[in-house]
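Listed below, chain by chain, are the residues.
There are 2 protein chains.
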Amino acid sequence: MKIVAKFGGSSLANAKQFAKVKAIVEKSKPLIVVPSAPGKANKKDYKITDLLYMCHQLVDHGLHCDEVYQLVESRYRTIVADLALDFDVDGMLKETKQAIVDGASKAYCASRGEYMSGMILAKYLGYAFVDPKDIIRIADGQWNEAVTRRQVTEKLQGQMPCVVPGFYGGDAQGEVVTFSRGGSDITGSILAACIAADCYENWTDVSGLLAVDPNIIADAKPMPRVSYKELRELSYMGAMVLHEDAIFPVKEQKIPIHIKNTNCPAEAGTLIVADIEQSDGVVTGIAGRQDFMVFSVEKAFLHEETGFYRKLVSVFETNRITIAHMPSGIDSVSVIVAEKDARGKEEKIIKEIGIYCAPDAVDISYQLSLIAVVGQGMVSTKGVAARLFKSLAASAVNIRMINQGASELSIIIGVENRDFEQAIAAIYNEFH
Amino acid sequence: MKIVAKFGGSSLANAKQFAKVKAIVEKSKPLIVVPSAPGKANKKDYKITDLLYMCHQLVDHGLHCDEVYQLVESRYRTIVADLALDFDVDGMLKETKQAIVDGASKAYCASRGEYMSGMILAKYLGYAFVDPKDIIRIADGQWNEAVTRRQVTEKLQGQMPCVVPGFYGGDAQGEVVTFSRGGSDITGSILAACIAADCYENWTDVSGLLAVDPNIIADAKPMPRVSYKELRELSYMGAMVLHEDAIFPVKEQKIPIHIKNTNCPAEAGTLIVADIEQSDGVVTGIAGRQDFMVFSVEKAFLHEETGFYRKLVSVFETNRITIAHMPSGIDSVSVIVAEKDARGKEEKIIKEIGIYCAPDAVDISYQLSLIAVVGQGMVSTKGVAARLFKSLAASAVNIRMINQGASELSIIIGVENRDFEQAIAAIYNEFH
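Just so you know, the protein sequences line up as chains A and B, in that order.
The first sequence: position 265 = 252 (our numbering), numbered continuously.
The second sequence: position 71 = 58 (our numbering), numbered continuously.
No lab work stands behind these hints, which were simulated from the structure alone.
Do not take every clue at face value.
The list makes no distinction among identical chains, and a pair is therefore deemed to hold if it is satisfied within one copy or across any two copies.
Straight-line Cα separation of at most 20 angstroms, SDA-like style, residue types lysine to any residue; simulated pairs [stated by the list, open to error]:
(1) Lys286 <-> Ile337
(2) Lys7 <-> Ala68
(3) Lys30 <-> Asp192
(4) Lys208 <-> Glu417
Note that the structure is predicted; figures quoted are calculated from it, not measured.
Start from the sequences and build out the full structure, keeping to the hints where you can.
Shown next, in the form of structure tokens:
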């Protein structure tokens, strides 16, 4: 098993967490370990990256950064001391401070959190240290795949097993550049793709991706398996998951991502896979978004009219409003859009629909929530729709819209905002 | 109660039927009675209108029409004789034949079926006879409302109660013109609208409009009440009902249409009304159409792309294909169209979607049936969707599409063609 293992900030917040990481690494033996900067070990902690940004700002304004940098020094010194590591932490901290004081770039300063984490972790694990500046090529916030792949082959392959700090790489001039979005997650994903890993382990402080918002279902369970596509649908609907940029490199090569909990490594976590051949459960996850509005357009014989749909969608396009869904009846079409996109433009839109589409009537309604019930095996499983709507009926939720048929993965249901949480809870309790 | 009563061909097929009509008229006292030409009293009968068209054709080819016209004569003579009516049927028949032989227009010839029915019925009922040629103005197959309303006021109001034959009117030159579609139904509807009737009774040989296709449910029951809008949805989906042109004049004025059975006048029939405030049943009717196909377009982030929908619908528009429905998921849209419209164009359409929309994938599937479950009170009634999908699950029907939300009136469900009848039966049995 070729494994790339990324550890988040909370997994490296202190020596105790470093020790957990070591235990995990000794067991699963990843070829590449990608560390974040130390995160908060407790609520009073500062994030190292925030402190380093502050140092850069102070220096940039001609001020001293000593006091702030002492907080950085103290964190790393404590970690090294607590690990009883034979490591020249003072030398590393002094060198870094000198660079900051000498006016290093903002990206360089920010990247030192991961860099110093990586230096310590490499020593602690007995892994080689490889600086991503020389491996991962970044241009305009995006990775350059061709150059990175060449550099991985030339400079990284011989060094494994190794530690490669997350969050940054180098530009064509060899300067440090950070990713604009996705952080260390994307570094791990890129390296997993470049060495064609069998699995990309993403170690966090949660036991996987939850099947539903824990603010609605307090004891929400993680999803054991979820496909990339299911994840996209859930994430579009607001479920908090990995950033799309962090999924893209491994998704291309169908490398699974394993979300695991550093604090409970025995727990199964969530495996994100390219395809689920046999579905574990009927419904993988549930997510939703509130505050949509509906333009209901009524016109007799609209389906016999050439260009009706084109004219209708053009009205929204020219008003720069994205159409979320467009369910249609016999003589009616509803255009569902986010309230924030269309608020204040209602009169203009109705007027334009009147001019271009000559409808019999146009109505507006607000406060619609959309709920995506996602599951690969769901649509082809008989009786799922029945269970779904029975559960909603039992909790007295009125269904304003149903949309199934485009995706093999999901049924999208529209309910009143006020029924939003109740509807999600009803569906979750039916299927979990 | 101002009533206009139209009687269909089977209601006037012979003297026995004329007697039933008289009993009905004596009870409900309509101000205007609109008769059709005598229809088939039994399977061996010819339709009078067909015979009259044949006469016209024969004369037009320089041939004798005597033998065919004898069939016409015999029908009317028998009716008058059986009714023991003091009416100069020979004079009427002779005059009509002379006009046909003298080369009267096709419309004139065809209209004589209703004309002669009306002459006999007026005598039989003791009603005045008014020729619609002088009342209903037709241009290009459509009625001219303004002229007709003026003529009704000038020439009809003083004559009521009266018989006005259906199916024809007059043009600006005073020539007889027939309606292109809708037949006598439209005459009744126009006159009901013009005199602002309280009810337009439409007497047929069925006990109302059935809630479902009797070929699927043998003992299908009629709908007691149905709104114009519900009827439109059912009729779009293939349910056999009145022609749209025949509904339009009364619909405008919210005059109810009462479909009644001449052979069982005590039965409630179906009342077609402008609005149903309190729904009688949850599901008013069920209708469906087979042989749709689906273009499933998959593209990540399509909802964030300006103009995606416009480009997609334009492909179908330029190929002159009407879009029936367009359900959408998160990263996918399905375009549902009639197979007959898109057959043979699949490759071209896929290619064009590829060029204009740059999708990740386009799939085609065939043999989809759409079923409209129609009922005014349905969407706002909690638990209806649950019962609907439970009934489908129980009969092992796999649901390929659900579309609810555009119309307050209906849920549209997509199933495989092979599940079509089973699905309709399951829904009907659940709700009736």
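Each hint, compared with the structure:
Taking the closest pair of Cα atoms, Lys286 and Ile337 come within 20 angstroms of each other only inside a single copy of the chain (14 angstroms); across copies the shortest separation is 29 angstroms, beyond that limit. Proximity of Lys7 to Ala68 under the C-alpha cut-off of 20 angstroms is restricted to the intra-copy arrangement: shortest distance 16 angstroms within a copy versus 108 angstroms between copies. Taking the shortest Cα distances, Lys30 and Asp192 sit within 20 angstroms of each other inside one copy (14 angstroms), while across copies they are farther apart (82 angstroms). Proximity of Lys208 and Glu417 under a CA criterion of 20 angstroms is satisfied intra-copy only: 14 angstroms inside one chain copy versus 36 angstroms between copies.
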